[in-house]
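Engineer: Sequence:
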Amino acid sequence: MSVFADIPQAAPDVAFSLVAAYKEDPSDRKVDLCPGFYRDENAEPWILPCVRKITNPPDIIRQAKDIIHADPDLDHEHLPLLGHPGLLAGGRKMAFGPPSPADDHARIASIQTVSGTGSNHLGARFLASSVLSGPGQTRSVWLPHPTWVNHPEIWALDAPAVAQRAYPYYDRERRALDRDGLLRTLARDARKGDVVVLHACAHNPTGLDPGRELWVEIGRICQERGLFVLFDSAYQGFATGSLDDDAFAIRHFLGRRMEFAVAQSFSKNLGLYGERVGALHVVAADAGTARRVEGSLARMSRAEVSTCPSYGARIAAAVLGSDELYAQWLRDLGTMSSRIMGMRRRLHGELVRRETPGSWGHLLTDIGMFSMTGLSREQCTVLKDRYHVYLLPSGRMSFTGLTGRNVGHVAEAIDQVVRE
Numbered sequence: 005m006s007v008f009a010d011i012p013q014a015a016p017d018v019a020f021s022l023v024a025a026y027k028e029d030p031s032d033r034k035v036d037l038c039p040g041f042y043r044d045e046n047a048e049p050w051i052l053p054c055v056r057k058i059t060n061p062p063d064i065i066r067q068a069k070d071i072i073h074a075d076p077d078l079d080h081e082h083l084p085l086l087g088h089p090g091l092l093a094g095g096r097k098m099a100f101g102p103p104s105p106a107d108d109h110a111r112i113a114s115i116q117t118v119s120g121t122g123s124n125h126l127g128a129r130f131l132a133s134s135v136l137s138g139p140g141q142t143r144s145v146w147l148p149h150p151t152w153v154n155h156p157e158i159w160a161l162d163a164p165a166v167a168q169r170a171y172p173y174y175d176r177e178r179r180a181l182d183r184d185g186l187l188r189t190l191a192r193d194a195r196k197g198d199v200v201v202l203h204a205c206a207h208n209p210t211g212l213d214p215g216r217e218l219w220v221e222i223g224r225i226c227q228e229r230g231l232f233v234l235f236d237s238a239y240q241g242f243a244t245g246s247l248d249d250d251a252f253a254i255r256h257f258l259g260r261r262m263e264f265a266v267a268q269s270f271s272k273n274l275g276l277y278g279e280r281v282g283a284l285h286v287v288a289a290d291a292g293t294a295r296r297v298e299g300s301l302a303r304m305s306r307a308e309v310s311t312c313p314s315y316g317a318r319i320a321a322a323v324l325g326s327d328e329l330y331a332q333w334l335r336d337l338g339t340m341s342s343r344i345m346g347m348r349r350r351l352h353g354e355l356v357r358r359e360t361p362g363s364w365g366h367l368l369t370d371i372g373m374f375s376m377t378g379l380s381r382e383q384c385t386v387l388k389d390r391y392h393v394y395l396l397p398s399g400r401m402s403f404t405g406l407t408g409r410n411v412g413h414v415a416e417a418i419d420q421v422v423r424e
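Under our numbering, residues 5 to 424 are what the sequence shown spells out, in order.
Simulated from the structure, these hints should not be mistaken for laboratory data. Every residue, glycine too, gets a C-beta built ideally from N, C-alpha and C. One or more hints might be untrue.
Pair by pair, the computed Cβ-Cβ distance ranges are [unchecked claim]: (1) Arg188 / Glu157: 26 to 36 Å; (2) His82 / Glu328: 27 to 37 Å; (3) Tyr315 / Gly338: 20 to 30 Å; (4) Pro89 / Arg381: 38 to 48 Å; (5) Asp175 / Asn46: 31 to 41 Å; (6) Val356 / Asp290: 47 to 57 Å.
Build the full structure now, drawing on both the sequences and the hints.
Structural biologist: Okay, here's the thing in structure tokens:
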């Protein structure tokens, strides 16, 4: 008998299983509305022009790659333990704004990670061994309900001793943000020293973000209650098309002189999904504490990956560090966010034209890649099996899979399923 005989069979990942099923589907009408990555008007992967300028002129990422390849000092050596300095400096500026006399970023500890999953993972490990490990009461991590499917798994594996609790976020009946439930739970039930995971913008899976006034109230409660916030920032630039507007919550917390952390990903906004480029930033009380935090993070990362891959980091650093490429990147973000908003309007219009039963106004007010359609698991199965339209069983739709050619088919399929 194998020494591994008692290992249970792990459940397959739902999202990746649907991607595999979609690829095997021979129908020429199939539509993939599952992925959390951008697709162009032809539903094809889009290499951002800013990235083409680095990697394959004359587009942006290719331009950035050209810059890298022309560097006489280019080699295949390890990056420093903390990661690519240009990536970290650019990532800090992107998330927190430029350094200022009021805050020169010296109290921010930063380390490169294996994209957003890696930054959430390292953040969970670090917080479980520091913020959540103090004497006295049992401390918890609070996750929004619903949240990114990987959040509970990451915390279960990296911090098994930390209790996971959920705070209300989505009102399914109204298809709206549960403002009162969110504030009430954080103000009443979360305890000093608990960690609260917040989506910085473009909430996955609902597409619902707090407005600025609500962010201010959330910041006040977290500060007064002594809660430590971990922002998951995977979609900066995708919510509104503005990097600055999408960073409002992070910068507001920085302005409150709070201690908190940011798990940052460059997969979506730079289209570097397979390069796995990310960073974890921990805002400490002062510069001395931040340097000790960096030492602890470097030690943890050293035991796992030694150093992160360099190629994607060099591409991101080239875009973040070049005025020309950065300006092109802002235009690229506008292109992506505008197309997504356009597809929201198209689908909403198609459903209204068909007088599809239900309320669909939230498709216009949600932001980012995703919305919760309100469709049941059973309805999503019918969409897949009968109409070759693939959604997650939760009813989450990714608008990146919609195009001018397939939006009518998707609307008709939804209309038929809802009427049954």
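Engineer: For the range 26 to 36 Å, tell me whether the beta carbons of Arg188 and Glu157 fit it or not.
Structural biologist: Once the Cβ atoms are compared, 27 Å apart, the range 26 to 36 Å for Glu157 and Arg188 holds.
Engineer: Do Pro89 and Arg381 keep their Cβ atoms within the hinted range of 38 to 48 Å?
Structural biologist: 47 Å, holds
Engineer: Could you see if the CB distance from Tyr315 to Gly338 stays within 20 to 30 Å?
Structural biologist: 26 Å, holds
Engineer: Honestly, do Asp175 and Asn46 meet the 31 to 41 Å range at C-beta?
Structural biologist: 36 Å, holds
Engineer: Taking 27 to 37 Å as the hint, is the beta-carbon distance of His82 and Glu328 inside that range?
Structural biologist: Given about 29 Å between the Cβ atoms, the range holds.
Engineer: Determine whether the Cβ-Cβ distance between Val356 and Asp290 falls within the hinted range of 47 to 57 Å.
Structural biologist: 55 Å, holds
Hint check: no violations occur; every hint is consistent with the structure.
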